[in-house]
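**Student:** Kindly generate the complete structure, drawing on both the sequences and the hints.
Protein chains: 2
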Amino acid sequence: MSIRVGIFGYGNLGKGVEAAIRQNSDMTLAAVFTRRNPATLKIQTEGVPVLNIVKAEDMVDEIDVLILCGGSATDLPSQTPEMVKLFNVIDSYDTHAKIPLHFENVNNEAQKSGKVGIISVGWDPGMFSLNRLYASAVLSEGKDYTFWGKGVSQGHSDAIRRVEGVLDGKQYTIPTESALEAVRSGAEPELTTRQKLIRECFVVAEEGADKARIEQEIKTMPNYFADYDTTVHFITKEELEKNHSGIPHGGFVIRSGKTGFNKEHNHIIEYSLKLDSNPEFTASVLVAYARAAYRLNSEGVSGCKTVLDIPPAYLSQKSDSELRKELL
Amino acid sequence: MSIRVGIFGYGNLGKGVEAAIRQNSDMTLAAVFTRRNPATLKIQTEGVPVLNIVKAEDMVDEIDVLILCGGSATDLPSQTPEMVKLFNVIDSYDTHAKIPLHFENVNNEAQKSGKVGIISVGWDPGMFSLNRLYASAVLSEGKDYTFWGKGVSQGHSDAIRRVEGVLDGKQYTIPTESALEAVRSGAEPELTTRQKLIRECFVVAEEGADKARIEQEIKTMPNYFADYDTTVHFITKEELEKNHSGIPHGGFVIRSGKTGFNKEHNHIIEYSLKLDSNPEFTASVLVAYARAAYRLNSEGVSGCKTVLDIPPAYLSQKSDSELRKELL
Numbered sequence: 323m324s325i326r327v328g329i330f331g332y333g334n335l336g337k338g339v340e341a342a343i344r345q346n347s348d349m350t351l352a353a354v355f356t357r358r359n360p361a362t363l364k365i366q367t368e369g370v371p372v373l374n375i376v377k378a379e380d381m382v383d384e385i386d387v388l389i390l391c392g393g394s395a396t397d398l399p400s401q402t403p404e405m406v407k408l409f410n411v412i413d414s415y416d417t418h419a420k421i422p423l424h425f426e427n428v429n430n431e432a433q434k435s436g437k438v439g440i441i442s443v444g445w446d447p448g449m450f451s452l453n454r455l456y457a458s459a460v461l462s463e464g465k466d467y468t469f470w471g472k473g474v475s476q477g478h479s480d481a482i483r484r485v486e487g488v489l490d491g492k493q494y495t496i497p498t499e500s501a502l503e504a505v506r507s508g509a510e511p512e513l514t515t516r517q518k519l520i521r522e523c524f525v526v527a528e529e530g531a532d533k534a535r536i537e538q539e540i541k542t543m544p545n546y547f548a549d550y551d552t553t554v555h556f557i558t559k560e561e562l563e564k565n566h567s568g569i570p571h572g573g574f575v576i577r578s579g580k581t582g583f584n585k586e587h588n589h590i591i592e593y594s595l596k597l598d599s600n601p602e603f604t605a606s607v608l609v610a611y612a613r614a615a616y617r618l619n620s621e622g623v624s625g626c627k628t629v630l631d632i633p634p635a636y637l638s639q640k641s642d643s644e645l646r647k648e649l650l
Numbered sequence: 323m324s325i326r327v328g329i330f331g332y333g334n335l336g337k338g339v340e341a342a343i344r345q346n347s348d349m350t351l352a353a354v355f356t357r358r359n360p361a362t363l364k365i366q367t368e369g370v371p372v373l374n375i376v377k378a379e380d381m382v383d384e385i386d387v388l389i390l391c392g393g394s395a396t397d398l399p400s401q402t403p404e405m406v407k408l409f410n411v412i413d414s415y416d417t418h419a420k421i422p423l424h425f426e427n428v429n430n431e432a433q434k435s436g437k438v439g440i441i442s443v444g445w446d447p448g449m450f451s452l453n454r455l456y457a458s459a460v461l462s463e464g465k466d467y468t469f470w471g472k473g474v475s476q477g478h479s480d481a482i483r484r485v486e487g488v489l490d491g492k493q494y495t496i497p498t499e500s501a502l503e504a505v506r507s508g509a510e511p512e513l514t515t516r517q518k519l520i521r522e523c524f525v526v527a528e529e530g531a532d533k534a535r536i537e538q539e540i541k542t543m544p545n546y547f548a549d550y551d552t553t554v555h556f557i558t559k560e561e562l563e564k565n566h567s568g569i570p571h572g573g574f575v576i577r578s579g580k581t582g583f584n585k586e587h588n589h590i591i592e593y594s595l596k597l598d599s600n601p602e603f604t605a606s607v608l609v610a611y612a613r614a615a616y617r618l619n620s621e622g623v624s625g626c627k628t629v630l631d632i633p634p635a636y637l638s639q640k641s642d643s644e645l646r647k648e649l650l
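Protein sequences, first through last, are from chains A and B.
Just so we're aligned: 542 in the numbering used here is position 220 of the first sequence, and the numbers increase by one with no gaps anywhere.
Just so we're aligned: 432 in the numbering used here is position 110 of the second sequence, and the numbers increase by one with no gaps anywhere.
No lab work stands behind these hints: they were computed from the structure.
Quantities reported herein were computed from a predicted structural model and do not represent experimental measurements.
Be careful, since some hints might not be right.
[Stated by the list, open to error] Only pairs whose alpha carbons sit at most 16 Å apart, straight line, appear in this in silico EDC-like list of lysine to aspartate or glutamate: (1) A:K465 - B:E648; (2) A:K420 - B:E644; (3) B:K580 - A:E586; (4) B:K420 - A:E648; (5) B:K337 - A:E586; (6) A:K472 - A:E379; (7) B:K647 - A:E426; (8) A:K580 - B:D598.
[What the hints assert, rightly or not] To spell it out: a stretch of chain A is covered by chain B in this simulated footprint if at least three of its residues, at any positions, have a beta carbon under 8 Å from a beta carbon of chain B; those stretches are: (9) 443-451; (10) 591-601.
Where is the CB? At the ideal position from N, CA and C, for every residue including glycine.
**Tutor:** Next comes the structure, spelled out in structure tokens:
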């Protein structure tokens with residue numbers, strides 16, 4: 323029997339979930355919910371209903387897991403607790419500081435409804451969190467490092483576009499090789515953010531704009547660029563579209579630790595992601611955890627969970643004995 | 323309350339467990355069991371009894387988890403099912419092909435005794451298995467690669483020492499950069515073992531021995547070296563002791579996969595270990611899973627488990643809410 327998945331919100335992440343469901347033979351897309359007029363929305367999967375989000379409650383018998391694809395700022399804080407009243411849900415809530423509050427809100431409703439809600443699924447929080455946990459549990463004494471990039475930062479790209487004379491722009495966050503090498507050496511360095519990453523900007527300027535002034539304004543922008551080594555490249559609109567239209571991202575989680583009676587041995591655990599499409603990868607993680615939510619709830623589990631609570635085997639289509647034979 | 327840990331077998335791995343317990347403030351070493359005469363064995367922790375293995379059953383009330391530090395060839399197949407009759411146990415059973423059988427044997431006894439046995443804990447099987455599972459569950463369509471090294475291969479070092487005229491020797495298995503780069507490119511290459519790794523040998527020859535003949539014999543040795551690119555360096559006994567007395571190891575687990583409606587996006591997930599001491603790192607993993615075994619059994623769980631079954635949060639000293647706040 324196929325796991326019937328609903329998508330709640332059809333932006334880049336929702337589209338990524340739709341694509342990921344096709345790659346998992348034990349799942350089918352049951353419905354897509356949107357705030358827009360459903361008639362205006364064209365999805366890629368034939369024969370699947372597109373409904374307004376107010377119709378979600380009519381679909382409780384048709385959906386095993388609902389994947390919430392809204393944003394962390396305003397959508398998920400209300401949508402996840404609301405929807406877990408009706409469905410097993412997965413979200414990618416990524417406002418790190420507010421995760422404990424979000425957890426409580428979702429857990430309260432999930433306990434009452436008897437459903438499972440897995441929150442903060444993706445790569446950070448998500449796969450990076452798992453790696454921070456495993457590495458720090460294994461190497462009790464050591465130091466953790468997380469580097470983001472190379473990838474597009476939406477917030478910094480928006481900041482560039484607000485500079486006068488800028489038509490369009492894209493900003494890449496890039497970890498510095500020197501910082502990565504220092505961490506991999508086992509020296510456990512203290513690193514400033516300036517040492518850890520550089521910011522590279524590709525800017526399309528208006529005709530006749532003062533490029534020197536634009537570059538200066540970007541490089542000295544407080545919070546966004548002033549504290550970093552920033553480079554600015556002026557390119558044409560065509561170059562921006564051709565070479566910088568993707569949404570790549572990635573990063574590194576590294577733990578450096580010591581063992582031995584005299585702490586004489588160094589160990590480096592490194593996890594890295596190099597992603598052509600940030601939303602499609604995040605969507606693929608969401609879909610794997612949708613499988614886990616379904617299985618847990620089928621076994622009678624309810625409440626809010628995070629990736630840290632889920633036994634890894636629950637993510638796989640394979641049976642426990644297949645996993646032991648093939649992967650262990 | 324401290325988790326009371328017993329060590330069963332006091333070789334390199336057992337010593338590593340003793341050192342790792344000191345790095346975990348929620349654990350204490352309760353006893354060390356040995357097949358040797360206990361009076362001849364000097365351990366590093368004061369006030370802890372050293373007992374013959376036949377005394378284990380007298381210690382059931384003093385030990386919460388017993389960590390089995392014997393070998394996979396002859397010790398663990400009998401010791402793990404035997405000891406799980408009395409204790410929660412952890413082992414590092416690493417004969418991949420026989421894991422399903424070992425699992426059944428341990429599970430049968432653990433179900434009867436009401437204890438938890440976590441088998442095949444370490445880095446491969448262990449942390450590498452976890453990474454193969456997570457990566458393949460997230461990127462459903464793709465290809466997995468495991469590379470071992472740079473590290474000492476005991477079996478290959480032994481093989482060198484059996485060559486006539488060789489006094490001592492050490493063999494390092496080293497992944498080739500060209501193979502790693504090909505995998506990281508997303509090309510999903512098919513790689514032979516010759517393409518994936520090289521073998522580097524450091525050999526101490528007897529005085530007057532025919533080095534050309536020794537080198538030739540090593541390089542053409544069937545199974546061990548004939549199918550690989552092998553280099554042989556002749557060094558002095560002093561150089562071997564000074565530069566090659568450690569037991570380093572490590573490796574890489576890489577998954578290359580595609581997402582998107584037309585599989586247009588590549589993603590690379592890479593996990594790597596660089597270990598100064600193979601046994602001490604393995605011991606550190608065993609100790610983290612000892613915590614999980616204790617907690618699971620305290621909650622009434624019994625039976626055989628592997629790393630794939632254990633919720634990650636069970637490995638940590640921190641509470642679930644601390645983990646959500648600090649690591650997620």
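**Student:** Decide, hint by hint, whether the structure agrees.
**Tutor:** Hint check:
1. A:K465 - B:E648: Status holds; Cα separation ~14 Å.
2. A:K420 - B:E644: With Cα atoms ~13 Å apart, A:K420 and B:E644 stay inside 16 Å; holds.
3. B:K580 - A:E586: Roughly 41 Å separates the two Cα atoms, so the pair is violated.
4. B:K420 - A:E648: With a Cα-Cα distance of about 11 Å, the restraint between B:K420 and A:E648 holds, given a limit of 16 Å.
5. B:K337 - A:E586: holds, 14 Å
6. A:K472 - A:E379: It is violated: about 41 Å lies between the C-alpha atoms, which goes past 16 Å.
7. B:K647 - A:E426: holds, 12 Å
8. A:K580 - B:D598: holds, 9 Å
9. 443-451: Our answer is that it holds, as 3 residues pass the Cβ test (under 8 Å) against chain B, meeting three.
10. 591-601: holds (count 9)
Against the hints set out earlier in the document, violations occur for numbers 3 and 6.
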